[in-house]
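Enquirer: Residues per chain are reported as follows:
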Amino acid sequence: MEQQLVQLVSERLLETQPGFGADSNLYDSGLDSMAIMQLLILIEEEYGVALPESELTRQNFSTVRSVAGLIRARTAPSAEG
Amino acid sequence: MSPAASGVTREAVRVADCFLLAHDDFMRRTRQGRHVSQSILELDRVPDLARLRPALERLVQKHPLLAGRLRRDWRTWLPYWEVPPPPSRGLPLGLWRERGSAGLLAGATDVEDTMELLQHIMTEPLDVEGIAFKARLDVVEAKNGRCRVALSWSHLLIDGKGAELLLAEIGRLCDGVDVPCEVKEPARPELTFKEKIKKTKAAVFRLEDLAKVGAPSLCGPQPRRGRGYYQVITLTPEDSAKLTERVAGMAGALFPMTFYVACAARAHDRIFRHRGREPKGYVVSVPVQTRKRGARGPLFHNQVSIFFFSAVREALGTIEATTASMKQQFAEMTRGKLEESFLAVLELMMRLPSWMFMRVVRWQFKGEMCSFFHSHTGVFAPELIEFAGAQVTNAYHLPCLGTPPGTGLFFCERGGQVNITVTWREGCLSEEERRLMLGQTMEDLFGEPRPDLLHAL
Chain F
0 MEQQLVQLVS
10 ERLLETQPGF
20 GADSNLYDSG
30 LDSMAIMQLL
40 ILIEEEYGVA
50 LPESELTRQN
60 FSTVRSVAGL
70 IRARTAPSAE
80 G
Chain W
0 MSPAASGVTR
10 EAVRVADCFL
20 LAHDDFMRRT
30 RQGRHVSQSI
40 LELDRVPDLA
50 RLRPALERLV
60 QKHPLLAGRL
70 RRDWRTWLPY
80 WEVPPPPSRG
90 LPLGLWRERG
100 SAGLLAGATD
110 VEDTMELLQH
120 IMTEPLDVEG
130 IAFKARLDVV
140 EAKNGRCRVA
150 LSWSHLLIDG
160 KGAELLLAEI
170 GRLCDGVDVP
180 CEVKEPARPE
190 LTFKEKIKKT
200 KAAVFRLEDL
210 AKVGAPSLCG
220 PQPRRGRGYY
230 QVITLTPEDS
240 AKLTERVAGM
250 AGALFPMTFY
260 VACAARAHDR
270 IFRHRGREPK
280 GYVVSVPVQT
290 RKRGARGPLF
300 HNQVSIFFFS
310 AVREALGTIE
320 ATTASMKQQF
330 AEMTRGKLEE
340 SFLAVLELMM
350 RLPSWMFMRV
360 VRWQFKGEMC
370 SFFHSHTGVF
380 APELIEFAGA
390 QVTNAYHLPC
400 LGTPPGTGLF
410 FCERGGQVNI
420 TVTWREGCLS
430 EEERRLMLGQ
440 TMEDLFGEPR
450 PDLLHAL
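If you read the protein sequences in the order shown, they are chains F and W. What the first sequence shows, in numbering that gives the first Met the number 0, is residues 0 to 80, in sequence order. What the second sequence shows, in numbering that gives the first Met the number 0, is residues 0 to 456, in sequence order.
Treat the hints with caution; some may be incorrect.
Here are the simulated lysine to any residue pairs, SDA-like style, with alpha carbons at most 25 Å apart [said to hold, decoys possible]: (1) W:K200 to F:E52; (2) W:K241 to F:E52; (3) W:K336 to F:Y26; (4) W:K142 to W:M114; (5) W:K336 to F:A49.
Quick caveat, the hints were computed from the structure, so don't treat them as lab data.
Chain F with its partners taken away, still in its complex shape (with noise of 0.2 Å):
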């Protein structure tokens, strides 16, 4: 999923400079509101996930494995039953 996420990221949302990986700060990337909004709605058509308002926070959106870890958290009980 973090090497999906991160192709996603850098062909839709943010101009990543070479080296941009999993672990690469998003806000140094340039991630701002508008991109975590578009980030969202990529999230809601790719892995039909809805973030609840108590994860938007600066950390959960810090890496694309963090926002990785929220999808995952969101889709497990389902991939499980």
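Start from chain F and add chain W according to the hints.
Expert: Positioned in the frame of chain F, the structure of chain W alone reads:
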């Protein structure tokens, strides 16, 4: 002589440039000056002119578009930039010193009031020696040994983010760093006419909905002459930290803009109610960057679209309710790709003569353009730490102020401090109303009255 042989080249305008061209022309026709804004750097000392002067010469050599003229192609009726060969002089530089300053700027002219000087420069033509410059730089030495640098820029060529990037480019040139500035602009898909029409629908429906709300401004729909006024309040780091915490609690840490636009709406509503009016609501257009996030540039052209927010009476009761409404609209507009749809509308209007363009823009809101101007531009040029040998201690914008709507409330941040810029055109806001507007703004920003922050002009 052919254009190529004379060194004159052509450059295409971007879609949003046509709106700014129409607005600039509207301001000129209604004798309000031109659509010129300023971006201010506060420095800890006067900059090194021995570095600044050659940097400004190199700047126009490198970017001759800064001396470009807008023309219209008679075959396509599309505007375009006519770019001359690089001028033989640098970007205009004005040197000023407040009375009582140390006089470190050689050749500077004495000035009584810096803010008045800056406002005056904004209303003057940017042309110098017959060259149609689209920007100029002024350096003002202050009494306290510090200094202000003001980049005045025409919105025909430069937008707010572009002005920050241009200041950073001047800063680099002052440091002897002369690197290419070519950057990718987001590609706009090639669409058929039918596809373009389809793409406009979301924006057209949005504007139709907003027309039902109306966009009353404090100035009213009639254009007014008269001078513009600006007041900048810089919050202390402690107050800024408190505010950031409150914004996070109110709008979520990730969407501060929705809180600030709500504050601006309620501040204007306060004045309407003071005047005994309770309109159905207000409409505010908020610029949205179309530059790809993370890219350094591009420096020039209006790389923006617009999100139109409304603040209806039912949502204006509390700052919490107004912020929640703005946040919902932000999500809906992003989901509906309103920024792309609005650009599609502008693209279809590119060939309109400026007067007709503005008539279409103002028709929807019965002569108004929006209820007030507003932007939250985030951190101002974070990469610009030094400028020509001086430390940058603060930075903010003084946006252009046309009527209608005649008033505006703007926010930006720099070095952990929040800057609030209040703007109004003469006759649009009385002294009592200015205090009321600021009072409401501070109360919403901090959750309690803050009379200590309502500085006199």
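Enquirer: Hint by hint, where does the structure go against what was stated? Just the numbers, ascending.
Expert: Checked against the structure, the only hint that fails is number 1, while the rest are satisfied.
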